[in-house]
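Q: Turn these sequences into a full structure, and let the hints steer you where they fit.
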Amino acid sequence: MTTPEELRSTVIPDWCPGCGNHAILMSVKGAIADLGLDPKDVVLVSGIGCSAKTPHYVKTYGFHAIHGRALPVASGIRLANHQLTVIAHCGDGDCYGIGMEHFIHAMRRNVNITVLVHNNQIYGLTTGQTSPTSDFGFKTKSTPGGSIERGVMPLILAIGSGATFVARGFAGNPKHLRGLIAEGITHKGASLIDILQPCVTFNHVNTFAWYRERVYDLKDAGHDPTDRARAMEKALEWGDRIPTGVIYRTERPPLDDLVPALAQGPLVKQPLERDIRPLMERFY
Amino acid sequence: MPRAVKDVADKRNVLSIMIGGEAGYGIMTSGEILARSFSRGGLHVHTDVEYPSLIRGGHNTYQVCVSEAEVWGLREKVDVLIALDDLTIREHTRELRPDGKVLFDLYENPIDPKKEFPDLRAEVVPVPLSQIVKEKNGDKVMRNTVSIGACMALIDYDFSFLEDVIRSTFGKKDVEVGNANVDAAKAGYDYIIDKAKCTVLKRVSRVGGAPRRMVLTGNDAIALGALQGGLRWYSAYPMTPASSILHFMAANEKATGIVVRQTEDEIAAGTMAIGASYAGARAMVATSGGGFCLMVEGLGLAAMTETPMVYVLAQRPGPSTGLATRHEQGDLQFALDASQGDFVRVVLAPGDVDEAFHHTFNALNLADRYQIPVIVISDRYLSESLRTTLPFDLSGKKIDRGKLLTEEQLAEAFDYKRYEDTEDGVSPRALPGMKGGLFVANGDDHYETGESNEDPDVRKQMMDKRFKKLKALTEEIPGPTLYGPPDADATIVTWGSCKGPCMDAMNILLDKGRSVNLLHFIYLKPFPRKLALEKLKKARMTIGVESNRTSQFDRLMREELKVSVDKKIRKYDGRPYFAEPLANEIEEAMR
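These protein sequence lines map, in sequence, to chains A and B. Number 98 in my numbering belongs to position 98 of the first sequence; there are no gaps in the numbering. Number 362 in my numbering belongs to position 362 of the second sequence; there are no gaps in the numbering.
Everything labelled a hint here was simulated from the structure, so no lab data went into it. One or more of the hints may lead you astray.
Said to hold, decoys possible - Going by beta-carbon spacing under 8 angstroms, a handful of chain A positions derived as facing chain B:
hint : residue
1    : 3
2    : 40
3    : 62
4    : 64
5    : 65
6    : 83
7    : 84
8    : 102
9    : 148
10   : 258
11   : 259
12   : 260
13   : 268
Said to hold, decoys possible - Below, in silico cross-link-like pairs of lysine-lysine (DSBU-like), each with a Cα-Cα straight-line distance of 30 angstroms or less:
hint : chain 1 : residue 1 : chain 2 : residue 2
14   : B       : 254       : A       : 188
15   : B       : 254       : A       : 59
16   : A       : 188       : B       : 435
17   : B       : 140       : A       : 40
No residue lacks a Cβ here, since even glycine has one placed at the ideal position from N, Cα and C.
A: As structure tokens, then:
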């Protein structure tokens with residue numbers, strides 16, 4: 001049995017004190033421990049940004065990739081060895097901006113990976129510019145007069161893209177988040193957990209306090225995540241009240257089950273040598 | 001029909017057949033059937049297809065050059081033109097030899113060829129293609145089958161080979177369809193023998209006792225080479241002229257047990273493959289220049305994370321969309337330095353189908369052995385031309401995974417570091433799932449453990465560590481190959497798929513008594529300096545031949561060897577070289 005403490009790597013997080021990422025890190029380690037996963041069978045994959053540093057802080061395998069591309073890298077890893085638990089850490093710019101195309105296709109493709117989006121509605125590591133999830137009117141270094149674009153709604157987008165597990169967590173409620181992450185990992189297929197993660201340095205609007213006033217747990221509200229119409233309503237809810245918890249869940253065979261080569265076991269464990277003479281025979 | 005007389009008794013004779021018409025007429029299939037029919041009769045074949053970027057209509061041609069001797073590329077001149085529409089005659093009158101033949105359905109299109117095509121010197125042989133199809137109750141698309149049957153009679157070639165190939169092409173799924181097509185072809189054949197009032201153009205005969213040869217494209221060979229090399233992962237976004245690799249892999253996904261994914265774009269194709277390779281699957285992607293642009297950020301990631309990758313770059317004319325279905329070798333300089341930053345890579349460009357097979361196999365080994373990206377350059381011409389070749393030699397083909405650790409070896413390792421600074425720069429590699437190997441592959445520069453690190457000394461150390469690989473790599477990179485007489489007045493210097501046309505041109509010139517040989521490069525980065533200089537030292541005069549505007553290979557030679565070729569021949573009209581005009585240009589350059 002691995003404890004969260006044993007999952008702590010020797011690298012010390014360099015996130016700002018009070019950053020929502022600390023709680024996310026704690027929650028993901030907790031979920032891995034709760035599920036009794038062997039660290040050698042877990043791969044954390046990330047793109048670029050503050051969120052992307054997460055793999056360095058957890059004693060599992062990791063792949064710190066490039067901006068926006070965590071999801072294709074994660075999908076490739078999972079399809080090459082579907083005995084691995086693959087968890088992607090992205091930021092809002094990472095996943096809903098530069099990597100939006102991969103996000104939509106990862107949801108529809110339904111590879112068995114867990115996608116954690118550290119959504120702070122701002123570009124933090126680049127010192128504070130507007131993000132795809134920034135609200136209309138949000139003032140940043142790149143939108144000093146306030147953003148004149150509205151933010152994307154990732155949850156409804158995920159459902160529309162064919163996602164089979166859509167949830168929202170809050171870094172201010174790590175216990176709840178830990179459970180959601182564990183649920184996402186257990187879910188068969190791609191799972192999205194959009195995480196409200198206050199950036200204490202650059203986002204002075206969407207703060208811990210701002211969220212605390214608004215978030216509520218869907219479970220307490222009696223929400224049925226298998227009801228898609230209701231799920232879509234909840235996915236669109238944003239403003240005075242912000243739902244957290246599992247918004248939508250359905251069952252659909254993950255891509256891992258549909259790729260013919262994987263029926264014989266993990267791709268990486270299959271023999272390399274093959275006899276291509278029958279293939280050559282077709283060219284006479 | 002008059003008696004068959006072979007017009008010239010030279011073994012080197014090349015018979016050039018072209019079939020043309022609208023897209024959707026079955027032209028490619030017919031061309032391939034012709035090529036295989038000749039190959040089964042022991043002849044050498046080289047083909048090419050010309051098509052605009054559209055699905056139906058337009059003007060498509062398929063050229064088949066066939067000879068009793070080895071033929072390396074295309075001829076400019078056409079001996080037999082199978083014209084499925086009158087546009088084909090109009091477009092290709094210039095290429096037709098005066099003693100050539102045009103097979104055309106004058107009954108369906110009652111035109112006066114002399115009036116319509118005043119420059120046409122070749123003989124028009126009218127064949128009632130549509131009427132024959134109607135009599136056979138066949139589909140209009142079968143006109144091309146009738147026409148290739150007629151062609152076989154016109155050149156006095158054994159019908160049995162054609163019959164064989166038609167049966168194996170159409171009859172596999174449906175015997176009836178096979179029979180119907182054989183009937184149609186036979187009707188065309190018989191029409192020429194019994195009714196046509198024309199002379200025969202006998203230039204090639206079947207060769208008895210010839211070895212069995214494969215007929216395949218460069219893309220087929222690349223795919224086979226990769227599969228022989230233990231490929232487990234192939235991801236791609238469709239793009240001409242690389243798409244047929246995707247089709248081949250997808251068709252054989254189950255038979256070979258590989259994973260084939262068509263992704264949302266080339267960025268995903270490339271980075272998904274990097275993920276698969278990091279997990280331990282041998283991975284390859286293929287695209288053309290535009291798609292490679294998108295793959296380049298991943299190329300750098302593969303380099304920084306030291307993840308083995310093979311990229312096939314099948315060139316077409318750029319910039320931008322350029323000529324989507326045409327030919328050029330314009331991406332060499334791009335491939336040599338693509339991506340930000342400095343890193344070790346291999347760039348290689350096979351010259352023909354046999355080399356495409358063997359060097360793609362080698363590309364997978366090099367990628368694993370040095371944990372680097374390897375770029376295999378092809379182009380529209382190599383990727384899509386069919387060529388006859390001996391069955392690939394599979395002896396001694398050993399898959400080498402380099403310093404990939406087993407779990408047992410890892411268990412013995414003390415304080416495992418994925419990016420350990422070793423003597424040769426290659427670090428022992430663990431895979432996720434292995435006990436004792438935990439590490440983070442990192443696109444940020446990092447210390448030996450994989451942890452991000454911006455210390456100036458560490459940065460320098462790790463850059464140097466990655467560049468240490470260059471030493472052994474350079475030592476094992478093969479040098480250029482010299483073809484023709486070892487000693488000659490002029491040496492043609494070329495790279496990649498220009499090998500074929502240059503071989504033909506050299507042979508034409510040697511037959512004319514000119515003293516010329518050919519130096520061909522496959523491996524371009526790292527550049528085989530020593531071996532290249534050894535060969536070039538003996539050259540009295542060098543003539544560079546390549547298919548791009550700015551002599552990109554010559555730029556590479558100047559950078560690596562501080563020498564330039566004496567004369568430059570370039571072609572960048574979107575078409576490959578043809579043997580005769582290239583031979584003329586080389587001869588001109590030799591003066």
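Q: Does the closest beta carbon of chain B sit nearer than 8 angstroms to the beta carbon of residue 148 of chain A?
A: This interface hint is violated because 28 angstroms lies over the 8 angstroms limit.
Q: Is it true that the CA of residue 140 of chain B sits at most 30 angstroms from the CA of residue 40 of chain A?
A: 62 angstroms, violated
Q: So, residue 40 of chain A near chain B? Judge it on the closest CB pair being under 8 angstroms.
A: Given a least distance of 5 angstroms, the restraint on residue 40 of chain A holds.
Q: Minimum Cβ distance from residue 258 of chain A to chain B below 8 angstroms?
A: Violated, because the Cβ-Cβ distance from residue 258 of chain A to chain B comes to roughly 11 angstroms (cut-off 8 angstroms).
Q: Is residue 254 of chain B close enough to residue 59 of chain A, meaning Cα to Cα at most 30 angstroms?
A: Violated, because 37 angstroms separates the two Cα atoms, which is more than 30 angstroms.
Q: A closest beta-carbon separation below 8 angstroms is what the hint needs, so does residue 83 of chain A meet it against chain B?
A: 6 angstroms, holds
Q: Tell me if the interface restraint on residue 62 of chain A is satisfied: Cβ within less than 8 angstroms of some Cβ in chain B.
A: Constraint on residue 62 of chain A satisfied, holds at 3 angstroms.
Q: Identify whether the interface hint at residue 84 of chain A stands, where standing means a beta carbon of chain B within less than 8 angstroms of its own.
A: 6 angstroms, holds
Q: Does residue 259 of chain A hold up as a contact with chain B if the rule is Cβ-Cβ below 8 angstroms?
A: Nearest chain B Cβ about 6 angstroms off; hint holds.
Q: For residue 254 of chain B and residue 188 of chain A, compute the direct alpha-carbon distance and say whether it is at most 30 angstroms.
A: With a Cα-Cα distance of about 24 angstroms, the restraint between residue 254 of chain B and residue 188 of chain A holds, given a limit of 30 angstroms.
Q: Report holds or violated for the interface hint on residue 102 of chain A, using the least CB-CB distance to chain B and a cut-off of 8 angstroms.
A: At 6 angstroms from the nearest chain B Cβ, residue 102 of chain A passes the 8 angstroms test, so the hint holds.
Q: Return the status of the interface hint for residue 3 of chain A: holds when the least beta-carbon distance to chain B is below 8 angstroms, violated otherwise.
A: Where the cut-off is 8 angstroms and the nearest Cβ of chain B is about 16 angstroms from residue 3 of chain A, the hint is violated.
Figure legend: structure checked against the earlier numbered hints; hints not met, in rising order: 1, 9, 10, 15 and 17.
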